[in-house]
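Protein chains: 2
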Amino acid sequence: MKTTADYSSDVESALRALPLPEGKFDNLYAPIRYALSAGGKRLRPVMVLMAADAFGEASAKAMDAALGVELFHNFTLLHDDVMDNSEVRRGRQSVHAKYGVNSAILSGDTMLTLANAQVGKVDDTVLRPVLDVFNAMALNVYEGQQLDMDFETGKDVTLDDYLLMTSLKTGALLGAAVQIGALIGGASEKEAKKMYEYGMNIGLAFQIQDDWLDTFGDSITFGKPIGGDIANNKKTYLYLAVGAASKSDAEALAIAMQLPEKEMKIKTVKRIYEKAGAGEMCQKAVAAYMTKAMGALRHTSLSDESKEAFRKFAEKLVGRKK
Amino acid sequence: MKTTADYSSDVESALRALPLPEGKFDNLYAPIRYALSAGGKRLRPVMVLMAADAFGEASAKAMDAALGVELFHNFTLLHDDVMDNSEVRRGRQSVHAKYGVNSAILSGDTMLTLANAQVGKVDDTVLRPVLDVFNAMALNVYEGQQLDMDFETGKDVTLDDYLLMTSLKTGALLGAAVQIGALIGGASEKEAKKMYEYGMNIGLAFQIQDDWLDTFGDSITFGKPIGGDIANNKKTYLYLAVGAASKSDAEALAIAMQLPEKEMKIKTVKRIYEKAGAGEMCQKAVAAYMTKAMGALRHTSLSDESKEAFRKFAEKLVGRKK
Chain D
738 MKTTADYSSD VESALRALPL PEGKFDNLYA PIRYALSAGG KRLRPVMVLM
788 AADAFGEASA KAMDAALGVE LFHNFTLLHD DVMDNSEVRR GRQSVHAKYG
838 VNSAILSGDT MLTLANAQVG KVDDTVLRPV LDVFNAMALN VYEGQQLDMD
888 FETGKDVTLD DYLLMTSLKT GALLGAAVQI GALIGGASEK EAKKMYEYGM
938 NIGLAFQIQD DWLDTFGDSI TFGKPIGGDI ANNKKTYLYL AVGAASKSDA
988 EALAIAMQLP EKEMKIKTVK RIYEKAGAGE MCQKAVAAYM TKAMGALRHT
1038 SLSDESKEAF RKFAEKLVGR KK
Chain Y
738 MKTTADYSSD VESALRALPL PEGKFDNLYA PIRYALSAGG KRLRPVMVLM
788 AADAFGEASA KAMDAALGVE LFHNFTLLHD DVMDNSEVRR GRQSVHAKYG
838 VNSAILSGDT MLTLANAQVG KVDDTVLRPV LDVFNAMALN VYEGQQLDMD
888 FETGKDVTLD DYLLMTSLKT GALLGAAVQI GALIGGASEK EAKKMYEYGM
938 NIGLAFQIQD DWLDTFGDSI TFGKPIGGDI ANNKKTYLYL AVGAASKSDA
988 EALAIAMQLP EKEMKIKTVK RIYEKAGAGE MCQKAVAAYM TKAMGALRHT
1038 SLSDESKEAF RKFAEKLVGR KK
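Chains D and Y, in that order, are what the protein sequence lines are. Quick note on this note's numbering: the first sequence kicks off at 738 and runs consecutively. Quick note on this note's numbering: the second sequence kicks off at 738 and runs consecutively.
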């Protein structure tokens, strides 16, 4: 099996070689080229390739599907940034900030169809199961995004709501990435589902870690200002877990969230989190999801070497500082 | 073969039976139910069913793909209405006017994925060719919409540009509808392509007729106010064909389009069109595309009865008053 860095650079080259016409339709395809050139770790396509390799199929065969998964992920970023009014993505202007909202919508639609077409290039033998997984995942991601938007205005968001939203918006795509890779690699439907479970659970661990970093991370290594979630009243794992554990902490948080001055608000909320042991709560939850993910791997026919590679991948993903 | 009215009512029932979950994700699926309940003639899915029947496969088998085509069409309406800032659709609020822009974007995305999933329900034997046709069509539609948006700000739009835009935005979907139906019905790839040609050409005839009706139709039977294209400086077939035929008419049109008062502007432009024989130009173009469409049918193995049904369908479509 290659290293993740090797897979990642394979993905990068393949993305650059994607035929995105210039000329007459440049207003449609230029925003796509821009979005895809933002770089990043290409986690999701790497997961497709890793899983395909691990189950025995040369990764070149899985590259089309891997690119489809990456196109899908980037399509969601284009549309989410419009919906969330986010002007910045990876330190650059978001697509709608640079090209306008209409371009972000239409070029996003184009990326979704390109994603479908790429994923649809898999061999006939796995075409239907792969498409079924892909389409079901896409619906889950939209449902997760809908819940996320609902939470902004909803008052009674519970920890369970959060976990459902996160499993749909984040976990489903990581799960589908390894499931699709596994199917291409020749895994049985049952094993491929176990791989989905692995991806889903590291997705949940990843998001909880991300929530923790947003409040307690280092702004330089995290790559964005610390405390953004608190400033924006986001219903994070920290907020909901601390609130679920203690009624008085829940009340204190609700009041602190109303503080008008941003720095004071962040400081106060952080103090409540620290006193309640939010860091430990996150650690415990992350560890539990990691254990589930590793448990899922155990139910596959993967070699010990491959299992170890997926374990390392998960630890790196969740242990990341940015 | 059934009548188009029968096919249309079959589509209507099948659409109502589509599983669109209520409950937790209602904010995502309610706008879809609303969009699909607007009614209409369901032309595109009817074309899928007609073609499948004509080539020999019971239409029930083609219904999934027909619904996919209708879902796709409605997805484009949701997003186009956002991009064009259109508040009204079929005499009701457009989806973004009723549910907000974010809902129109996200529920539209959901409809595109549902469309892919529906179309992907066809038999294994035709799955790949049908998906290839469907995805290529979708890209064409986006390219057409991009050109249409470009035209709003572009100064030098030619008649050829218009025909390219229309073939992509309107013709491609009608073409793909009958091509997909034909493939499901067991047509050869070559015959199915001829059916695409039929759909493409009636699409062009349809759009030119639509442009003519927008200026010279009856506002009651046409279902919207007359002169809207002139009021909005749209580069229609009338405008571009008259301008292409005579330099002095082109200049007169360019000046008349700058008239500040709407009624005066519509009247003046209409008078230029009338003097230039725009009605006849449209008639000729429509007749030419209809001839091409009928020519394409001749290169298929369709029975005379089926050819006649497709001829009648085209005439009804293009001869419509609304």
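Just so you know, these hints were derived from the structure itself, not from any lab. Honestly, I wouldn't trust all of these hints.
For chains that are exact copies, the list does not tell them apart, and a pair is met inside one copy or across any two.
Stated by the list, open to error - Under the rule of at most 25 Å between Cα atoms (straight-line distance), these lysine to any residue pairs were calculated in the SDA-like manner:
id : residue 1 : residue 2
1  : Lys-858   : Glu-928
2  : Lys-892   : Pro-758
3  : Lys-1044  : Asp-898
4  : Lys-1049  : Asp-743
5  : Lys-1004  : Ala-982
6  : Lys-1029  : Met-994
7  : Lys-892   : Gly-760
Verification of the supplied hints:
1. Lys-858 <-> Glu-928: This pair counts as both: shortest intra-copy Cα distance 22 Å, inter-copy 24 Å.
2. Lys-892 <-> Pro-758: Classified as between; 23 Å across copies, 46 Å inside a copy.
3. Lys-1044 <-> Asp-898: Neither. Shortest intra-copy (31 Å) and inter-copy (56 Å) distances fail the 25 Å Cα cut-off.
4. Lys-1049 <-> Asp-743: Within. Shortest intra-copy distance 15 Å satisfies the 25 Å Cα cut-off; inter-copy 60 Å does not.
5. Lys-1004 <-> Ala-982: within (21 Å within a copy, 72 Å between copies)
6. Lys-1029 <-> Met-994: Answer is neither; intra-copy 33 Å and inter-copy 67 Å both fail.
7. Lys-892 <-> Gly-760: For Lys-892 and Gly-760, the Cα distance is within 25 Å only across copies (17 Å; inside one copy 49 Å).
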